[in-house]
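Asks: Next come the chains, spelled out residue by residue.
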Amino acid sequence: MPESAVGTEKDREITFAQAVREALAEEMRRDSTVCIMGEDVAEAGTPFKVLSGLLEEFGKDRVIDTPISEAGFTGLAVGAAMTGMRPVVDIMFGDFITLTMDQMVNQAAKVHYMSGGKWKVPMVMRTTLGATRRSAAQHSQSLHAWFCHVPGLKVILPSTPYDAKGLLKAAIRDDNPVVFFEDKMMYKMKGNVPAGDYTVPLGLADIKRTGEDISLIATSSMVQVALGAATMLEEIGISAEVVDPRTMWPLDEKTLIESAKKTSRAIILDEGYERYGVTAELASVIATGAFYDLDAPVKRMGAMHVPIPFSPPLEDVTVPTEQTVFEAARKMCGK
Amino acid sequence: MIPSNDNPMTTATETKSSQDVALYLRMYRQMVAIRQFEAQVNDLYTRALMPGLAHLYIGEEAIAVGICEALERSDYITSTHRGHGHCLAKGASPNLMFAELLGKRAGYCKGKGGSMHIADPATGNLGANAIVCGSAGIATGAAFTAKHLKNNRVAVCFFGEGALGQGVLYEVMNLAQLFKLPVIYVCENNSYSEYTHFLETTAGEILLRATAFGLDAEDVDGQDVRAVHTTAKRLIDRARKGDGPGFILCNTYRYHGHHVGDINREYYRSKQEEHSWKTERDPILNLGKWLIEQKLADAPALELVGNELEAEMKKAVEFAVASPYPDVSEVNEDVYA
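For the record, the sequence lines run as chains A and B. The opening position of the first sequence corresponds to residue 1027 in my numbering, with each subsequent residue numbered one higher. The opening position of the second sequence corresponds to residue 7 in my numbering, with each subsequent residue numbered one higher.
These are computed hints drawn from the structure, not numbers from a lab. Incorrect hints may have been included.
The list that follows gives simulated cross-link-like pairs (lysine to any residue, SDA-like), each with its CA atoms no further than 25 Å apart [unchecked claim]:
1. B:Lys-186 with A:Leu-1081
2. A:Lys-1144 with B:Lys-186
3. A:Lys-1086 with B:Ala-136
4. A:Lys-1195 with B:Lys-186
5. B:Lys-186 with A:Ala-1070
6. A:Lys-1325 with B:Asn-158
7. A:Lys-1144 with B:Ala-136
Fair warning: this is a prediction, and the values are worked out from it, not measured in the lab.
If we strip away everything but chain A, and leave its shape as in the complex, we get (with noise of 0.2 Å):
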């Protein structure tokens, strides 16, 4: 390849669909024991299309359509993983987790340690998160909190078109089960990502903007709210830092509390149920970590407590907006 081709590779955009389907048939030519399986993933390529075109290289070996058996499915996963395949299932929304529970709670997460470290599940599932896309209250969920909150589990929530293929690769090497969430509100979104392969290792977070005043800790979706409250506030002549901790687990505790105790305010952002949820935990790290830093008690923003309505204006207000978050961050810095 001429170097010029190299350069433009290097800066070339893609979605973040694509950058999920880049890394699972990156993984695939790598390893043959990688798999997928999941409702509607060979010719359909899934409805929201992030794998169309992996049938047609890989065939109907690796890319297997299943009945919708979320349970079955996520077990079988289970068995093929301790037993020498590294399957990637295709939870379609989020909300089907619900199905998947005993296969993820009390098999995958605890083989493991229940065998003594002699048996290993190193399979991925792949689901999605995120509200208003108008799909009410069963296929809009943000429900990754359930998995965080689960030892044996890892979780992914990725950010950017090149966390997702850096973070997927990682997760599809790892030993473990790992469960990756992507936001379909975000599949559109384009990015910097280079073609070639490369992994963001788990439990490491990255600022994606730099600031002075106020950490705006946020996950997933979030991720974009946030930049877009920093800009706002940039205006008001507050300067936010948004820091992404891209894993719940493992977490990079670290990575959050140097930015809380720089700035000595903390906002954390997750699209999850608040009550009871990942910005709690977060906070708490905060709390712990910062304490003597802080000038503020730290402030918790995700989903209201509510199932997720269908009507528009309902359902906006359930989660954190540019708007909303802009609000309580100009509130917290006293202007």
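Given the coordinates of chain A, assemble chain B onto it according to the supplied hints.
Replies: For chain B alone, kept in the frame of chain A given last:
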């Protein structure tokens, strides 16, 4: 005494090869081993030396033994909360099992699993599972790997009839048949889901639930180890050839309670019922009688088997009792690979 292999006994109606004879004697010994193991578990529990619960397999030995004798060491099994018999039949060491039952460092799972979670890659044991029907997906997945990697292995999923109430069983039987996976679902119907008779919880015909998905399904007297083995061998050979999954319904009986502490059982089953299963349909007594009738063994030889295994199990208990507990610092090891 037990005749040597080069001089097999025959009858007018049946010709038994030396291999068959060796198999029968091995199955007899293995069933006695399980019973003697469980007798020691009962003893440990009643002497308050064993933490937690124990679910004894006594009465059901013919199933684990008949099936596992039809498997290769590298084949996979998944087991249940009543799993000691499956683990032993697949080749587990009594020493390491007792150590695990007592929560000791030397145990199969370093003391982290206990009675309900014995797992052993060396014998293809993917693990006993304390969620009813919890391992149906895992066994099916092992069969998926076998097919994908073409490693010629078969997976057997043991479960009690209580698991018939769990939806995931039907999901994975559907998947197994769609993908033609080499997996055998073995339903051990001991008549009682904990403290409730299965007829109170199970509508229709059990076998039809499997045949509805196109599985090759057969029911068998779970107290007759030779019958279990014959059925298992047919279905396992068939699955190994790529002809798809099987289902075996084994009718059996749990001599003890749901767990060791379930002593007063008359509110859900009669002593008379227990007595008739123990005296008329005991898998060890009946195989022993048959071996004597066929002049393949005599009573003193069979008694010797019992004595030897009782002594072996007592020694295994001594090993476990003398073994150290894990260090407290090990508590958060093995959470992640």
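Asks: So, for every hint listed, does it hold in this structure?
Replies: So, going through the hints one by one against the coordinates:
Using a Cα cut-off of 25 Å, the hinted pair B:Lys-186 and A:Leu-1081 holds, with the two alpha carbons roughly 20 Å apart. For the hint linking A:Lys-1144 to B:Lys-186, the alpha-carbon distance of about 28 Å lies beyond 25 Å, and the restraint is violated. Among the hinted pairs, A:Lys-1086 with B:Ala-136 is inconsistent with the structure: their alpha-carbon atoms are about 34 Å apart, more than 25 Å. Our distance criterion of 25 Å between C-alpha atoms is broken by A:Lys-1195 and B:Lys-186, whose separation comes to about 30 Å.
Among the hinted pairs, B:Lys-186 with A:Ala-1070 is consistent with the structure: their alpha-carbon atoms are about 23 Å apart, no more than 25 Å. Among the hinted pairs, A:Lys-1325 with B:Asn-158 is inconsistent with the structure: their alpha-carbon atoms are about 57 Å apart, more than 25 Å. Between A:Lys-1144 and B:Ala-136, the direct Cα distance comes to roughly 18 Å. Compliance with the 25 Å bound is thereby established for this hinted pair.
In this structure, the earlier hints numbered 2, 3, 4, 6 are contradicted, and the remaining ones agree with it.
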